[in-house]
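Protein chains: 2
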Amino acid sequence: MSVYAAETDSRAEEDAEPPARTEHDVPRVDFDTGSGRYRHWRLDVDGEVATVTLSVDQDGGLVPGYELKMNSYDLGVDIELYDIVQRLRFEHPGVKSVVMTGGLERNFCAGANIRMLAQSSHGWKVNFCKFTNETRNGIEDATANSGQTWIAAVNGTAAGGGYELALACEQIVLIDDGSSAVSLPEIPLLGVLPGTGGLTRVVDKRHVRKDRADVFATKSEGFRGATAVEWGLADATVPRARFADEIARRAREAAAGSQRPDGASGVTLTPLEREESGDTISYPHVSAALDRAARRADITVHAPDGAPPEDEAGVLEQGAAYWPLAMTRALDDLILRLRTNEPEIGTWVLRTHGDADTVLAYDAQLGELAGDWFVNEIRHYYKRTLKRLDVTSRSLVAVIEPGSCFAGLLLDLALAADRQYMLEGVYEDVDPEAEPASIVLSGSNDGAWPMSNDLSRLASRFWGHDEDLARVRARTGERLDAAAATELGLVTMALDDIDFEDELRIVLEERASLSPDALTGMEANHRFVGPETLETKIFGRLTAWQNWIFNRPNASGPEGALRRFGTGRKGDYDVKRV
Amino acid sequence: MSVYAAETDSRAEEDAEPPARTEHDVPRVDFDTGSGRYRHWRLDVDGEVATVTLSVDQDGGLVPGYELKMNSYDLGVDIELYDIVQRLRFEHPGVKSVVMTGGLERNFCAGANIRMLAQSSHGWKVNFCKFTNETRNGIEDATANSGQTWIAAVNGTAAGGGYELALACEQIVLIDDGSSAVSLPEIPLLGVLPGTGGLTRVVDKRHVRKDRADVFATKSEGFRGATAVEWGLADATVPRARFADEIARRAREAAAGSQRPDGASGVTLTPLEREESGDTISYPHVSAALDRAARRADITVHAPDGAPPEDEAGVLEQGAAYWPLAMTRALDDLILRLRTNEPEIGTWVLRTHGDADTVLAYDAQLGELAGDWFVNEIRHYYKRTLKRLDVTSRSLVAVIEPGSCFAGLLLDLALAADRQYMLEGVYEDVDPEAEPASIVLSGSNDGAWPMSNDLSRLASRFWGHDEDLARVRARTGERLDAAAATELGLVTMALDDIDFEDELRIVLEERASLSPDALTGMEANHRFVGPETLETKIFGRLTAWQNWIFNRPNASGPEGALRRFGTGRKGDYDVKRV
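Line by line, the protein sequences are chains V and P.
Numbering of the first sequence is given in this note's numbering, commencing with residue 1 and proceeding in unit increments.
Numbering of the second sequence is given in this note's numbering, commencing with residue 1 and proceeding in unit increments.
Hints are computed from structural coordinates only; laboratory data are not their basis.
One should not assume that every hint holds.
In silico BS3-like cross-links for lysine-lysine, where the CA-CA straight-line distance does not exceed 30 Å [claimed, not checked]: (1) P:K219 / P:K383; (2) V:K205 / V:K219; (3) V:K205 / P:K205; (4) P:K69 / P:K570; (5) V:K383 / V:K576; (6) V:K576 / P:K383; (7) P:K219 / P:K570; (8) P:K576 / V:K205; (9) V:K383 / P:K205; (10) V:K576 / V:K219; (11) P:K205 / P:K219; (12) P:K205 / P:K383; (13) P:K69 / V:K383; (14) V:K570 / V:K69; (15) P:K383 / P:K69.
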């Protein structure tokens, strides 16, 4: 299925969903980029303050068919932003506040490119929005946990996704020039929602009153300075003459409150060592084998080869090669690639391989050195990568076998899965002398990697069963064999080798036979029990409604507003309320 | 648009959405029913315990085209259940526990009728599910707030919506007969979700572990007794020989803990006095005028005519004629009728008319007599009716004018609205001597009618602004004119009569020009700030995903599982994960 329909393709004019195409039509998206390679952003670091400037190259769209006018973006622009957010955290320990601003005349950012959206398949739109959401959550995570406060210097109009980008920043300062405004014009102009956090952040983060939020989100031109500030849509509005000074003052003030170190050296995020053949993707510590016929990926995370370095200095010296970081980067890249490039691979089987004690030694070190800026970054990066897994619309099945090392931080991979299957004993035919599989809980499973609902995966698993949770916690550090893991409720099923492979085969075949859409909906409901947060609301409520709307003729049908945008004709709506 | 497509309509085989039909094809749904008129349920009251038995008349479908086999239900069956829940609360003060059971051999309930779903339009499905959800929430509300504990006596198979019905009960007792099971077969058999609370209640109410919930919701045959109990899907399983005794024991035990009075006389819910012409619907205290061209309903709630009765006895004597109850019943009925029968009426303008002091006298009485069983029922019924408004996919605009009485409980109608417009001063041309509009807060606005997020509409409005909330609370009891209401943030906009009507006209015209789907999504996101609960998760996350899936070809397309069910052919899925 193509991600876009060429303008000359008349079929695409008739169907909301472009017709199926052969596989080679899919642009394979690459998430690798880096300083010096950005086409749409500029990163300037001046002491404690970094400035991130958006000047979209309108000819630099990721796929053909649209021009990125007026600082509008597509996935390619967002991939660069994600890279910048990551590099600021790892490569620039001295940066304590980040100013995001627009580099085009009177234009902060116009949001997602509408022609791009109009010509994209439903799946592409959904996946694009998910990545965009994750990047914005990453900006908030940097502000909250990394001592890098993001400030939106809105020096021109911020419309739609452009304003949503500003909403992800801790502060929004809007230029007072008589014309620049903040707006969410999606509903009046396109018949879709401000769906990458907009509606949720306006009421739940910025606490704009519901009735005002309603007026704002239906007013295509939005609001300029004074009203924007009065309503809470911006924190301040400043005339052009004082704008730069005020931004600099706020950036300095934010930097002064940062816990980031002075004089530390950054860690360069070296290019990923990734090898791809047709059906395998492998990195030093992570590998994936794709079974296209079965529509399944077998993903294995490998334990580190040796003991962790002695201390902070040793960790820093290893830099990007330090196992927890290298493993996380590989896993992150793999998740993104499989999500975007392999939509038909519906089930991911998660395995680990290697020495559990070595994994636990690294796990312990991440805890002991949590106060170190670099280790802190790794911890939060691993947390975000697990969160990415949580919102991935693929069925996740963990397989725990002899030789696996689901211990400490790697056990959270199993807990993130929809199901956990564990071999009881050993594969008698393969290695009767092997040590039977075990899992090991560490303190890190109990809070170091919270989900979007702010609970650990362990607490989510035992939500409503405090006694069971206490029993499990009491076994922290023990090697739990299949019987113990089953008894404690840590695995779905444990079987001996006579039944294990058959059962697993049946489970995976059954999974592949179910409606992919129903699975997506089910998993999105099961994975987030208990409390909801801004993030779960964005991925649950807001995203689900947006996906519904993206699928409705009023938006994406041939007479829909999204498809008609720019033609001079408004959307022709089915007026029934549903 | 028809709610169903006749089997001979070949166009319906080609499109997920049946083709548009003329308006007279729409069956106008009537929600009036009552004891002695039930076709599908039997209500037996035996002292403190009521038994509600489902024996669906398979020829009693609400619309032609399907047979309600195996105790499956459609909207008509659910309308009767809703009526039973209501009458048990008002007409049977002595009933302290309610047993729900199946009246057909080995069949508790098979859930929503699949042929009905398959032939229904998207809008009909969504509206049907919403009402079903509300009725189930009402069962939980009766258990929590009315001293009527519902117990599901699952004496046969409970599948899909049938099990979801049981999930709404406080206890689930499953017969142990070697064959009866509880199951959620929607995903494997139909490619849709158990979308009327099922997924949410399994993990968030019954606290079934995520991985087990995943196994359960993908296993069409479900689980019988022992496993169902072990996994938390049922509370007990009992052999046939002891089943009736065990149910009776549990019902007595639940009744013993009830706060309901002994020896009280019930209040008969007399037939509603509703008058309808083509464009008006009126009840003694509520009226609606429909402007079909503008796609707008003007709804007016009228104040009571005179002072409230002296005391409990006087209130009870008035019974169904007691203004708060009569007004609530009318409003409830109107909401249901407009939602179901008038999908093109996209905006509801909410007005009140009458003496605010009289309204406040009733409001005070509802507070003073809250301990009385009958007043308690009225309070919770009004709360539920406001909640129904909150989840209604219509734009709600409150208009506050001279002669209006948005005071106390009626002020919550304005707070439920998406926007509030208030006239400053009077209509000089109409009645220059009139008293200018005012609104009055009472204590009831601060907690008596919580939303699904467990916050009052006032607390929701000022979420994140505690000081503003405190300022507003300090003005409780005062008549707040337009200036004061604006200053306190209680209205969206106040205008004098020179601008008021023009502004309102423009607002309503603009609203009518927007995409109905985008408005539904926006309102669903704006109306529920702050904490989420089981209810908001059901209406937000679960419902939104289900609506998305209902719109996808994998479910509702000609090769979708829902449409193909019963043909012997499985759904033919687009295997891409989105």
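### Query
Which numbered hints does this structure break?
1, 5, 8, 13, 15
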